[in-house]
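Asker: Starting from the known structure of chain A, fit chain B onto it as the hints suggest.
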Amino acid sequence: MNTFTKANLEEFVTFFSKKGEFRPIAYYDKHMDCIRVQLFDCSFTEERMNKFVTVLHANHHEIDKFAGFNLKGIRYLFEQIGLPVSGVHTLVKIIDLLVKHFPDSSTLKIKNLFEPILRQENLEVSFQ
Amino acid sequence: MSDDDQQVFQFFDGKAYFVVDGPSLDPIKQVSRYALAVHDLGIYINRYQLTAVAQFYKLIFPGLILTRHIFHGFNRCLYCDDTREGDLNKYAFSWKPAYDYWWKGDSSGIPVRELAPPNSVFVVLISKNEKHKDKFPSIDGWIDRWCWVAEDSALPEAPLSWIDRYNKKVFTRN
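Quick note, the sequences are listed as chains A and B, same order. So in this note's numbering the end of the first sequence lands on 1606, straight run, no missing numbers. So in this note's numbering the end of the second sequence lands on 176, straight run, no missing numbers.
Same shape as in the complex, but just chain B:
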C-alpha cells in the first residue's frame, strides 16, 4: 500500500479497513462509523465478483449518510456467533441511489454506470460491533453484505414486504 492509501484506508492492528459514516444505531449519536476489512473485499475479487466490488466502491464507500431507513433483526433463522438469535445483531440500511454499477470485462476491466434498476432499493446489511468493541472502539458496525431488493410500494426506499422481513424499523431520515 502506498502513502496515498493511508488517506483511503484506516488501519487497526496493522490491518486495513474501509471506514464509512452513516446514521447511528445508537440513539445518542448522530453519526456512526461502519467498516469492512480490505481483506474481505479482496475475497470478492478472488472470486471475480467484481460487480459487487464496484458497487461497494461506488455506492457504499462514499458514505451511508443518505440511508433512508434502518431495520433491525431478520424474521428468519440466523445462527451466527454461537447464537440462534444471530439476527438480533443485524441491521439493514436501505435507500434509493440514482445509479447502479457493474463490472465490464475481466480483472483489468472497468466499472460501468447505469441508471438504478427500476422499483428497487439498495440494501446494506450490517452487524453491530458488540464483540470487538474493545479492539475497535471507534467502529460501530461491520458491513456484511449489499444488494438490490425490490421496493415496497407503501414505504418509499424500503425493501418490499419489509414488515415480513425484519423485526422492526428503527430509523427513517425525514
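For reference, chain A alone in the conformation it holds in the complex:
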C-alpha cells in the first residue's frame, strides 16, 4: 500500500493544471488503438455494443445520460473505410463513413445520438 504524502490528489491536479475547464474532446489512444470521444468530465460506465463501438453512460445521474463513445480497432476500421491513419479527420466524417460501410444498429446509434453535438463542437481527431 502506498503512503499518501504531501503530493495528494488536489495538489497533483493543481501542480499540472492551468486554470480552465473541460471541453468535449476526441483523441486517438494509440495504446488501445481506439478513438475516445468524451463529452463531459464525469464517471461513466462503458457499454460494449460490438467489437468496434462502445458507448459511455454517465454514472450518478438519475436519467441515462450519454457521456461519449469509443471507436475501437481503428487501424483495421480505417483500412476498411478508406481513411489514412494520419493527419486530422473530423468525427462527423469518420462516422459517416462507418455508417456507410458498416450500417448496423451500433453505428446508426452512434450517428443518431452524437452527430448533432459532434457537428456543434466540430470535434476532430489528430493522428499526427
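Calculated directly from the structure, the hints in this document are not laboratory data. Hints should not be assumed to be uniformly reliable.
[What the hints assert, rightly or not] For lysine-lysine, the following DSS-like pairs were computed, each having C-alpha atoms within a straight-line distance of at most 27 Å:
hint, chain 1, residue 1, chain 2, residue 2
1, A, K1571, A, K1543
2, B, K170, A, K1508
3, A, K1496, B, K137
4, B, K106, A, K1497
5, A, K1578, A, K1589
6, B, K17, A, K1497
7, B, K98, A, K1529
8, B, K170, A, K1529
9, B, K60, B, K98
10, A, K1496, B, K106
11, A, K1529, A, K1543
12, B, K170, B, K31
13, B, K133, B, K31
14, A, K1508, B, K17
15, B, K130, A, K1508
16, A, K1587, A, K1543
17, B, K130, A, K1529
18, A, K1497, B, K60
19, B, K133, B, K106
20, A, K1508, B, K133
21, B, K60, B, K17
22, B, K106, B, K137
23, A, K1508, B, K137
24, A, K1589, A, K1571
25, B, K98, A, K1543
26, B, K171, A, K1529
27, A, K1508, B, K60
28, B, K106, B, K31
29, A, K1578, A, K1508
30, B, K60, A, K1543
31, B, K106, A, K1543
32, B, K170, B, K135
Answerer: For chain B alone, kept in the frame of chain A given last:
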C-alpha cells in the same frame, strides 16, 4: 517535486512514475508491480479529465491487490507496437470497489466520493512490460486505462460478457 514526493513517486531515468502492487501475470510470482508515468496522468489533467485522475488516485494508486479477476487478450482488432496482434499484450484487471469518485468543479475543485455504480465493476487495462524490461526491470506492466463496466451476472466482479470480450481468464482471487 518536493522531498515528500520521493515517497509517492518512483524515479527511473529521471522521470517520475506511479508504481502499484497487484497480482502477478507471472505464475512464479505472487505480486507484480505496475506503473503509470506521472507525465501520462498529467495529459489527463491537461484535457481536464479530472474524474479519471481522481479515480486513478483513489481506486488504483492504493494498489491493485484486491483485483478479483485478470483476463488476457481482447477479442477485437488492436494494432499496437507494430503488430496486428497487439491485444495479446493486454490484460484486464477487474474488481468491485465499494466507492467511485468524480471531480467537482474546475482544476481547483475537489474529488467527491459516491457509492459505486450498481451492477458495475472497475476495470484497469494493463500492457505487459515486454519491450522495456531492460530499462525497467522491476516493472511488470504499464497501466493504460481504467473505467467502469457493467458486471457479468454469471461471474461476480467480472465485466459483462467477458467470454466475448477477452481471449481467456488467467487469474481469479479466491
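Asker: Are the hints correct? Go through all of them and say.
Answerer: Status of the hints after comparison with the structure:
A hinted pair counts as satisfied when its Cα atoms are at most 27 Å apart, and K1571 (chain A) with K1543 (chain A) qualifies at roughly 24 Å. With a C-alpha separation of about 23 Å, the suggested pairing of K170 (chain B) with K1508 (chain A) holds against the 27 Å cut-off. A C-alpha spacing of about 32 Å is found between K1496 (chain A) and K137 (chain B), which places the hinted pair above 27 Å, so the restraint is violated. With a CA separation close to 14 Å, the supplied pair K106 (chain B) and K1497 (chain A) stays within the 27 Å bound.
For the hint pairing K1578 (chain A) with K1589 (chain A), the CA-to-CA distance comes to about 11 Å; that is within 27 Å, so the pair holds. At most 27 Å may separate the alpha-carbon atoms for a hinted pair to count; K17 (chain B) and K1497 (chain A) meet this at roughly 25 Å. Taken as a hint, the K98 (chain B) and K1529 (chain A) pair is honoured in the structure, with Cα atoms around 24 Å apart against an allowance of 27 Å. For the suggested pair K170 (chain B) and K1529 (chain A), the alpha carbons sit about 16 Å apart, so the restraint of at most 27 Å is met.
For the hint pairing K60 (chain B) with K98 (chain B), the CA-to-CA distance comes to about 14 Å; that is within 27 Å, so the pair holds. As the CA atoms of K1496 (chain A) and K106 (chain B) are separated by approximately 16 Å, the hinted pair is consistent with the 27 Å bound. Between K1529 (chain A) and K1543 (chain A) the CA atoms are separated by roughly 22 Å; this keeps the pair inside 27 Å, and the hint holds. The straight-line distance between the Cα atoms of K170 (chain B) and K31 (chain B) is roughly 20 Å, inside the 27 Å bound, and the hint therefore holds.
In summary, the hint linking K133 (chain B) to K31 (chain B) is supported, as the alpha carbons are separated by about 20 Å, within the 27 Å threshold. This hinted pair checks out: K1508 (chain A) and K17 (chain B) have alpha carbons roughly 21 Å apart, not beyond 27 Å. Our distance criterion of 27 Å between C-alpha atoms is met by K130 (chain B) and K1508 (chain A), whose separation comes to about 15 Å. With a C-alpha separation of about 14 Å, the suggested pairing of K1587 (chain A) with K1543 (chain A) holds against the 27 Å cut-off.
Straight-line distance between C-alpha atoms of K130 (chain B) and K1529 (chain A) comes to about 22 Å, which keeps the hinted pair within the 27 Å bound. Using a Cα cut-off of 27 Å, the hinted pair K1497 (chain A) and K60 (chain B) holds, with the two alpha carbons roughly 23 Å apart. For the given pair, K133 (chain B) sits about 38 Å from K106 (chain B) by alpha-carbon distance, which is inconsistent with the 27 Å threshold. Among the hinted pairs, K1508 (chain A) with K133 (chain B) is consistent with the structure: their alpha-carbon atoms are about 16 Å apart, no more than 27 Å.
Taken as a hint, the K60 (chain B) and K17 (chain B) pair is honoured in the structure, with Cα atoms around 22 Å apart against an allowance of 27 Å. The hinted pair formed by K106 (chain B) and K137 (chain B) fails the criterion: a straight-line CA distance of about 38 Å is larger than 27 Å. With a CA separation close to 21 Å, the supplied pair K1508 (chain A) and K137 (chain B) stays within the 27 Å bound. Under the criterion of a C-alpha separation no larger than 27 Å, the hint pairing K1589 (chain A) with K1571 (chain A) is consistent with the structure, at around 11 Å.
Annotation: proposed proximity of K98 (chain B) to K1543 (chain A) holds, straight-line Cα distance about 22 Å (limit 27 Å). For the given pair, K171 (chain B) sits about 18 Å from K1529 (chain A) by alpha-carbon distance, which is consistent with the 27 Å threshold. Annotation: proposed proximity of K1508 (chain A) to K60 (chain B) holds, straight-line Cα distance about 25 Å (limit 27 Å). A hinted pair counts as satisfied when its Cα atoms are at most 27 Å apart, and K106 (chain B) with K31 (chain B) does not qualify at roughly 40 Å.
Among the hinted pairs, K1578 (chain A) with K1508 (chain A) is consistent with the structure: their alpha-carbon atoms are about 25 Å apart, no more than 27 Å. For the hint pairing K60 (chain B) with K1543 (chain A), the CA-to-CA distance comes to about 24 Å; that is within 27 Å, so the pair holds. For the proposed pair K106 (chain B) and K1543 (chain A), the alpha carbon gap of about 17 Å is at most 27 Å, so the pair holds. Pair hint K170 (chain B) plus K135 (chain B) holds up; C-alpha atoms about 24 Å apart against a cutoff of 27 Å.
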